[in-house]
Structures are given as structure tokens and as C-alpha cells.
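Asks: Each chain, written out:
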Amino acid sequence: MLVFSTYLMVLITLQYIPLRYDVAFLNIKQQQIGNIHYKIAFFSHVYTSIFVLIAGIPQFSGYVRRKYATVHKNLGKAYILLILLVAAPSGLIMGIEANGGTSSKISFVLQAILWFVFTFIAYQKAKSKDWQQHKNFMLRSYALTLGAITLRWLKFALASTLALPPMDIYRIIAWAGWLLNLIVIELYILKTNKCSLV
Amino acid sequence: MKKITALCLLAATTFSCKEIVKNNEVAVIEEPGTEVVTTPKTSTPEPEKIASSVEKHPLTGYWVGFFKNAQNKEDEEEYYDDYLGRYPKNQNKINLAIEKVADTTVTGYSVVSGNERPFTGTITENDGVTFAVTLEEPGDNTYDGTFTFIMTKHSLRGTWTPFKKGSTIKRKYVLEKKTFTYNPNIKLDEDKRLIKWEESKPVLDTFGYDIPEPDSLGNQEINYHVYENTGYPSSSEKIYTINASKQVLTEADVENLTKTDLYLIRNTIYARHGYSFKNKELRAFFDNQSWYIPMYANIREVLTPLEKKNIELLLRYEKNATEYYITFGR
Chain A
1 MLVFSTYLMV LITLQYIPLR YDVAFLNIKQ QQIGNIHYKI AFFSHVYTSI
51 FVLIAGIPQF SGYVRRKYAT VHKNLGKAYI LLILLVAAPS GLIMGIEANG
101 GTSSKISFVL QAILWFVFTF IAYQKAKSKD WQQHKNFMLR SYALTLGAIT
151 LRWLKFALAS TLALPPMDIY RIIAWAGWLL NLIVIELYIL KTNKCSLV
Chain B
1 MKKITALCLL AATTFSCKEI VKNNEVAVIE EPGTEVVTTP KTSTPEPEKI
51 ASSVEKHPLT GYWVGFFKNA QNKEDEEEYY DDYLGRYPKN QNKINLAIEK
101 VADTTVTGYS VVSGNERPFT GTITENDGVT FAVTLEEPGD NTYDGTFTFI
151 MTKHSLRGTW TPFKKGSTIK RKYVLEKKTF TYNPNIKLDE DKRLIKWEES
201 KPVLDTFGYD IPEPDSLGNQ EINYHVYENT GYPSSSEKIY TINASKQVLT
251 EADVENLTKT DLYLIRNTIY ARHGYSFKNK ELRAFFDNQS WYIPMYANIR
301 EVLTPLEKKN IELLLRYEKN ATEYYITFGR
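Chain order of the listed sequences is A and B. For the first sequence, our numbering assigns the number 1 to the initial residue and increments by one for each residue that follows. For the second sequence, our numbering assigns the number 1 to the initial residue and increments by one for each residue that follows.
Bear in mind the hints are in silico, worked out from the structure with no lab data behind them. Cβ coordinates follow ideal geometry from the N, Cα and C atoms, glycine included. Check the hints yourself; a few may be wrong.
[Stated by the list, open to error] Over 12 Å on every C-beta distance to chain B, these chain A residues come out as not near it, computed from the model: (1) Val23; (2) Ile28; (3) Ile40; (4) Ala69; (5) Asn74; (6) Gly76; (7) Ile96; (8) Val109; (9) Ala126; (10) Gly177.
[To be verified] In silico DSSO-like cross-links for lysine-lysine, where the CA-CA straight-line distance does not exceed 27 Å: (11) B/Lys246 with A/Lys29; (12) B/Lys18 with A/Lys39; (13) B/Lys22 with A/Lys29.
Generate coordinates for the entire structure from the input sequences, incorporating the hints supplied.
Replies: In C-alpha cells, the structure reads:
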């Protein structure tokens with residue numbers, strides 16, 4: 001499921017190669033794409049996030065961590081650097097100019113900030129070798145990364161069943177896309193931490 | 001999770017992967033003769049073809065009405081349903097434009113279903129009140145034929161027969177005299193849909209059934225029907241309030257509109273100019289608008305700058321709605 005969705009995300013990313021301003025999502029962002037800051041934010045977000053998504057896939061496997069510790073470490077560094085330096089800040093800029101009005105703007109801005117914060121804390125926890133907390137915060141960080149996928153599946157589901165007007169759907173998925181993931185992962189963390197206490 | 005996986009597998013088998021991300025199968029329908037041209041012709045917009053003169057024969061002018069199947073009786077009309085509503089079958093609005101009447105010679109052209117065909121013919125006075133007229137089209141088109149009608153003060157009543165037997169059906173018509181002026185204020189008639197949009201919502205293939213009243217013996221026959229997937233979600237009330245010939249539309253005005261809304265709002269611009277639609281669904285929809293008169297097969301040069309701007313915006317959102325509405329994407 002994750003691999004298939006990631007493959008779809010690759011297909012989405014490929015629509016923007018070569019660099020074009022009149023394709024896909026940008027068709028309904030013509031007011032913003034003329035601005036240089038939006039252009040930079042959009043393309044740096046699109047081109048890096050796909051690697052963030054891919055880099056995260058093997059990180060939660062205990063097998064990979066034990067057998068290929070350096071792979072885990074290096075992929076983790078790439079993941080952290082790409083989010084903190086590029087993907088989260090560019091997401092924040094795009095969030096400020098998001099479609100769907102104030103509500104979805106707040107949602108995307110909040111998501112970008114939390115993404116940055118969770119990833120940063122996870123990095124600090126790794127440095128201080130607090131592995132349990134490192135794992136918890138990486139789970140939260142990756143849950144937000146996967147918000148990109150949840151949001152798009154939700155859109156697909158809502159459009160093909162309820163057939164709501166496009167911007168109404170967008171306002172719903174803007175929040176539901178990452179909140180659902182975060183709730184699920186918090187419940188998971190709560191459950192596993194309880195188990196480890198026992 | 002199992003459910004989600006099942007959903008994805010279903011999705012994966014229904015569409016190829018690229019189609020999940022972008023729908024390339026359906027294209028935005030753009031009628032020929034409505035394209036926005038950036039360098040307008042130097043010629044002035046097409047003037048009223050029939051100049052007003054004092055000594056006009058009463059026959060000159062635009063005669064408008066429905067071109068019906070001659071076989072049908074008035075009370076047994078057939079209907080067909082499409083995503084824009086339910087409409088009478090084999091009926092197209094025709095505009096019989098009589099340009100000139102000189103002695104017994106009549107010249108003009110007809111506009112129907114996106115076709116303009118010239119004709120010439122003769123007129124003979126019957127009794128001072130009614131006239132008998134016969135008009136012939138050139139004959140170099142498979143669908144050319146002969147108009148034969150009786151003209152009274154207020155109407156033309158008659159038939160049209162194709163030259164080539166069997167090329168198309170014989171028609172009958174009752175036409176009324178109308179005048180055409182472009183009016184950007186025109187709004188769609190709200191009561192022209194015979195069925196509600198909500199009832200014909202073919203977003204995905206849906207399966208439904210009607211349960212009719214039981215007959216005298218108490219038998220109930222349930223009719224099952226499958227709506228076809230046209231990819232068109234239903235339209236909203238917005239099509240009656242947004243006038244793309246009058247107001248400059250912004251992204252905010254159009255971003256929450258469905259594909260059908262955008263499509264109808266854009267095509268209403270063309271209809272106001274008297275564009276004669278080739279597309280069957282659009283033709284049925286606009287033919288049933290009281291104000292609509294098919295005038296031209298080409299309206300490229302008469303679109304106003306405001307309309308051109310709106311058309312481009314609407315097309316951009318229509319393209320997005322067509323390619324990305326039911327997709328894995330945002």
C-alpha cells in the first residue's frame with residue numbers, strides 16, 4: 001500500500017518535470033505561480049518531498065536498523081535535512097497561500113510547523129541516544145509526511161462517492177489528511193508505550 | 001487497513017496507474033466556432049444579416065421553432081435523458097432566416113444543429129392572407145432538402161424533405177417570427193429542466209431502480225437501470241446566478257464549481273450570441289431555453305473582451321476538473 005502510493009506520488013512529481021508552470025495543480029495556482037517566492041517554494045517542495053517520502057520507508061524496519069545501521073543513519077540524515085532545510089519551510093510558504101481560504105491556510109501552516117518541530121525533536125533525541133523518544137517523534141514526523149498520501153486518497157474517495165464541489169473537498173482534506181494520521185499514530189504510541197511499561 | 005487495501009486494489013484494477021493520478025480519457029468539450037482568437041479579424045462583428053427596410057416583405061426575418069420528426073404525433077413525443085436533463089427526442093431548434101423576397105423569389109439560409117445552409121425558392125400568394133413557399137437547399141450536402149410551408153401573418157407551418165431518400169428523417173415545424181439582439185444580461189430559465197439534476201447524477205456507474213405504482217392486479221414491476229458514467233457531476237444553482245458575459249470572474253468565483261457548472265456557464269456565453277451548437281447535449285439544453293435563437297455556426301469574432309477573459313479562466317478550471325477531479329491528487 002505504502003509502496004504503491006509512493007509510486008503514485010512519483011507519477012505526480014513527474015508531471016512537473018521538465019519544469020512547467022501550466023500543468024496539473026499549477027493550473028489552479030496561476031495567481032500565485034507568477035510570484036518568485038511561490039515558484040521557489042513550490043518546486044523545492046515537490047522535488048524534495050518525494051525523496052523524504054522514499055527515505056522514510058525502510059526506517060521503521062528493525063531488520064534494516066540492525067543489519068544495515070549505516071543505511072538507517074544516512075537515510076535518516078537525508079530525511080531530517082531535507083525536511084528541516086527545504087520541505088517544511090517551503091510547505092509553510094505554500095500553506096500561507098493555500099487554496100480554500102483561511103481554514104485550509106491555518107491547517108497547512110500548522111502541519112508545516114509540526115512537521116518541522118517533530119523532525120527536529122526526533123533528531124535531538126537521536127543525538128542524545130534517547131531511542132524510545134527518537135522513535136516516537138520520528139513516527140509523528142513520518143505520519144505527517146504520509147499526510148500527503150492520506151490527503152490524496154481522501155480526495156479520491158470523497159470525489160468518487162459524495163461528489164462534493166471541488167473546493168469543499170479541499171477544505172475537508174486540508175485538515176483530515178494529516179490530523180487522521182496524527183491521531184492514529186498517537187494512539188499507536190500510547191498503546192506501545194503502555195505495553196513497554198508493563 | 002484491509003478495507004483501504006481492498007479499495008486501492010479495486011482502484012488499481014479499475015484504472016491504470018497513470019489514470020489514478022490524471023484522467024486523460026475525457027477532454028474538455030470545446031465547440032467549433034467558439035474558440036477564443038487572440039488576433040480578432042479586422043472586420044466588424046457580423047451585423048444583423050437581415051437589414052431593416054421599410055418595404056420589407058412580411059416573410060423576411062428570422063423564423064424560429066422546433067424542427068421535429070414528421071412521423072411523430074403531437075401527443076406521442078419521445079424523450080431522452082442525458083446528464084443535462086430530459087429532452088424531447090429528434091427535436092432541434094431551427095432558425096429559418098429569410099433574407100430577401102423579390103417578386104416571387106425568396107433567398108435566405110437556415111441554421112440548425114451547428115449548420116448554416118443557404119436556400120432559394122419561390123413564394124405564391126394563396127388568398128391574400130396566406131402564402132405558399134417552397135425553398136430548396138443547394139444539394140451538395142447529404143442532408144440538403146426542400147422546405148415546403150404555408151405562411152400566415154404569425155407563423156410558418158410546413159415540412160422539410162431530404163433530397164436523398166433515407167439520408168435523414170422528414171421533418172415538420174411551426175415557426176414564429178423572432179428578432180435577435182445580443183443581450184449580455186440574459187440568464188438561464190430555471191424551469192427548463194424536465195428532471196432535477198440531483199436525480200441524474202452519473203458521477204460513477206450507479207445502479208438504481210424505480211418502483212412504480214402497483215397495477216390493477218397488484219403486480220409491481222421493478223425497473224432496474226444503470227446510469228452511464230459520463231464523468232459529469234451534477235450542476236448547482238450557480239449556473240443561474242453567475243453571468244460570464246457581464247461580470248469579470250475571479251478564481252474565487254469559479255474554484256468551487258463542478259465541471260458541469262463551469263461547462264454550462266461557459267457555453268451560456270456562446271448561447272447568448274446565438275451560437276448554434278453541434279454537441280447534442282448542449283443543443284438540447286439551450287434549445288429549450290425560451291430566449292435562445294440559433295443564429296451562427298461561428299461566433300469567434302463577436303465575443304467581447306470580458307467574455308474571452310472569462311472563457312479562458314473557465315476553460316482552465318474545466319481542464320483541471322476534467323483531468324484531476326476524481327484522481328489521487330489534490
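Asks: Would A/Ala126 pass as off the interface with chain B, using Cβ distances and a cut of 12 Å?
Replies: It holds; A/Ala126 is separated from chain B by about 28 Å at its closest Cβ, greater than 12 Å.
Asks: Was A/Ile28 rightly flagged as not at the interface, with every chain B Cβ beyond 12 Å?
Replies: A/Ile28 is in fact no farther than 12 Å from some Cβ atom of chain B, at 5 Å.
Asks: Are the Cα positions of B/Lys22 and A/Lys29 separated by 27 Å at most?
Replies: holds, 17 Å
Asks: Are all beta-carbon distances from A/Val23 to chain B longer than 12 Å?
Replies: violated, 9 Å
Asks: A cut-off of 12 Å on Cβ-Cβ distance, and A/Ile96 was said to be off the interface with chain B. Does that hold?
Replies: holds, 16 Å
Asks: So A/Gly76 supposedly isn't at the interface. Is its beta-carbon more than 12 Å from every beta-carbon in chain B?
Replies: holds, 26 Å
Asks: Closest CB-CB distance from A/Asn74 to chain B, is it above 12 Å?
Replies: A/Asn74 clear of chain B: closest Cβ-Cβ about 30 Å, beyond 12 Å.
Asks: Given the hint that B/Lys18 pairs with A/Lys39, does the C-alpha gap stay at or below 27 Å?
Replies: Within the cut-off at roughly 25 Å; holds.
Asks: Beyond 12 Å from chain B, beta-carbon-wise, is A/Ala69?
Replies: holds, 29 Å
Asks: Checking one constraint from the list: CA of B/Lys246 to CA of A/Lys29, max 27 Å. Satisfied?
Replies: Cα-Cα ~24 Å, so holds.
Asks: When you look at the beta carbon of A/Val109, is every beta carbon of chain B farther off than 12 Å?
Replies: holds, 16 Å
Asks: Regarding the assertion that A/Gly177 does not contact chain B, is the least Cβ-Cβ distance greater than 12 Å?
Replies: Label violated. Min Cβ-Cβ 9 Å, cutoff 12 Å.
Of the hints listed earlier, those the structure fails to meet are numbers 1, 2, 10, in rising order.
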